[in-house]
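Build out the structure end to end from the sequences listed, making use of the hints.
Line by line, the protein sequences give chains A and B.
Okay, so the first sequence: first residue is 0 according to numbering that gives the first Met the number 0, each after it adds one.
Okay, so the second sequence: first residue is 0 according to numbering that gives the first Met the number 0, each after it adds one.
Don't read these hints as lab results, they were simulated from the structure.
There's no promise every hint is true.
[To be verified] PhoX-like, lysine-lysine: derived pairs with alpha carbons at most 25 angstroms apart:
(1) B:65 with A:313
(2) B:75 with A:88
(3) A:161 with A:85
(4) B:65 with A:50
(5) A:85 with B:41
(6) B:75 with A:313
Computed from a predicted model, the values in this text were never measured in an experiment.
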Amino acid sequence: MPGLQKEKFIVPIGPQHPALKEPAHFEFTVDGETVTSASVRFGYVHRGIEKGTENRNWAQAMYLLERICGICSHVHSTTFALGVEKLAKVPAPPRAQAIRQILLELERIHSHMLWVGVAAHEAGFETLFMYSWRDRETVMDILETFSGNRVNYSANVLGGVKYDLGPAQTDSIKRGLDYLEERLHYYMKIVNSDESFLRRTRGVGMMTTAQAEELGAIGPTARASNVARDLRVDSPYLLYEQFPVTIVLGSTGDLQTRFVVRIQELFESIRVIRELVNHIPGGDLTVRFPRRIPEGEVVMRTEAPRGGLFYFIKSGGGENPVRVKVRTPSLRNFMSVLVGSVGHQLADVPMILSGIDPCFSCNDRMIVVRREPGKETAS
Amino acid sequence: MTESLLAQGLSLIEGKFVSQTAPEPNRIDLMLEPAQLLECTKALSAARWGYLSAITGLDHGAESGKLEALYHFCNKAAVITLRVTMPRDNPVVPSVCAIIPSATLFERELMEMFGVVCEGTPDPQRLFLPDEWPDGTYPLRKDYIVPAPPAAPEE
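Here it is in structure tokens:
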């Protein structure tokens with residue numbers, strides 16, 4: 000029937016879907032098994048955080064922003080704290096900056112290892128999934144020695160940090176990282192040599208350098224396509240100037256390269272954590288910080304595990320922020336999924352999606368509870 | 000490095016904006032008329048000067064009657080922000096999606112949260128807000144008051 004060929008067939012995926020652990024709604028238009036276009040709706044875990052900061056004071060806003068994401072929580076509060084400290088012209092002491100950086104790199108390790116597990120699971124490689132999540136517990140335990148929490152460590156205060164790096168932390172970091180390094184070598188071997196794994200990842204979700212630049216991809220997703228974007232190198236914050244990381248680039252831009260780039264980055268993280276622990280500056284953990292922040296606007300950008308995190312903070316001179324805009328790396332990278340899935344088999348879409356390490360909580364920052372007479376709905 | 004990047008970016012769009020400020024050493028803010036937005040965006044993206052990192056909406060409140068959209072272009076540490084001011088009762092900017100297709104998600108967010116109309120945007124659907132959200136209610140505007148959370152159920 001020739002008339003039928005012009006009709007679109009749309010496959011809706013989500014918001015509840017067995018292959019996606021977090022909610023989003025996708026509509027893939029397909030021709031047979033091949034995807035011809037894609038669109039997306041988010042908002043299923045939107046909590047009103049940007050709006051919420053506007054009627055809280057600066058310190059409360061920081062703890063609220065830390066809860067944007069359970070995986071990369073420390074990077075949110077650090078970015079906000081750095082921005083506010085810039086506005087107030089009261090920088091945190093060097094020792095506090097070093098501790099923030101150690102925590103950021105530990106967080107990167109746990110985030111990337113989580114992703115290795117999730118992506119392996121999507122590829123049907125359950126053993127690697129279980130291995131990487133078991134080994135990830137090592138870094139969770141290290142984080143727990145700082146604050147008692149595995150996630151949302153609340154280590155920051157405006158003008159410093161709460162937790163010091165003592166002998167207990169140093170010891171657990173040193174032992175933990177030795178073990179992790181050995182395991183990472185093993186993962187690197189697997190993702191480069193396991194035949195069934197390579198079949199699911201090599202050449203899948205390709206993004207050329209030109210495409211990555213055009214789509215504005217960031218983070219490991221961009222670096223696997225040979226786009227040198229890493230804010231730790233481009234625009235160093237904290238102590239990244241004294242304790243630099245080397246940018247890790249891949250050339251092919253397929254899923255397999257993203258595995259290699261992420262694992263390679265972890266070796267860099269481990270190296271820089273060790274250096275920081277061995278040469279940590281002395282001094283205070285906090286400085287006195289004003290309650291009112293001088294009027295002004297600041298842009299603060301840091302490298303979260305998934306890519307560049309963007310904060311725009313505006314102060315009107317009062318105790319509350321006037322506006323906090325958060326643009327998380329996942330939102331920037333989602334375009335690469337929408338564009339990258341076109342031309343692929345529908346069955347490859349979950350792999351392409353997990354290739355950017357999407358974080359839905361990061362995207363969705365707003366939810367509003369609506370009250371109607373006799374009826375309350377949270378949507 | 001950052002200074003030369005900023006100077007290079009500025010030279011691309013010389014004369015296409017109304018005024019400029021430098022709020023931080025690595026940033027330049029350019030105020031423009033809505034009609035100048037496309038020209039500036041075109042010039043920056045044709046020269047591959049960085050990437051559009053985010054679009055921030057700002058509400059200056061009902062008294063001032065102004066909304067502002069900030070287009071942040073980032074190149075390494077340098078940030079050039081194109082700032083477009085619009086009247087609050089008729090906020091219209093041209094869509095930049097024809098030049099930067101990946102801006103569609105940012106524009107959808109700006110439209111639903113601030114009620115800005117991005118003229119010619121390919122997909123005007125909501126991105127974050129639910130279908131049953133009332134039309135004409137823009138949660139990130141200053142006059143939107145967040146309803147009190149529901150009371151805890153009684154024991």
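For this session: Starting from the hint list further up, note which numbers the structure goes against and sort them upward.
Result: The structure conflicts with hint 5 only, although it agrees with all the remaining ones.
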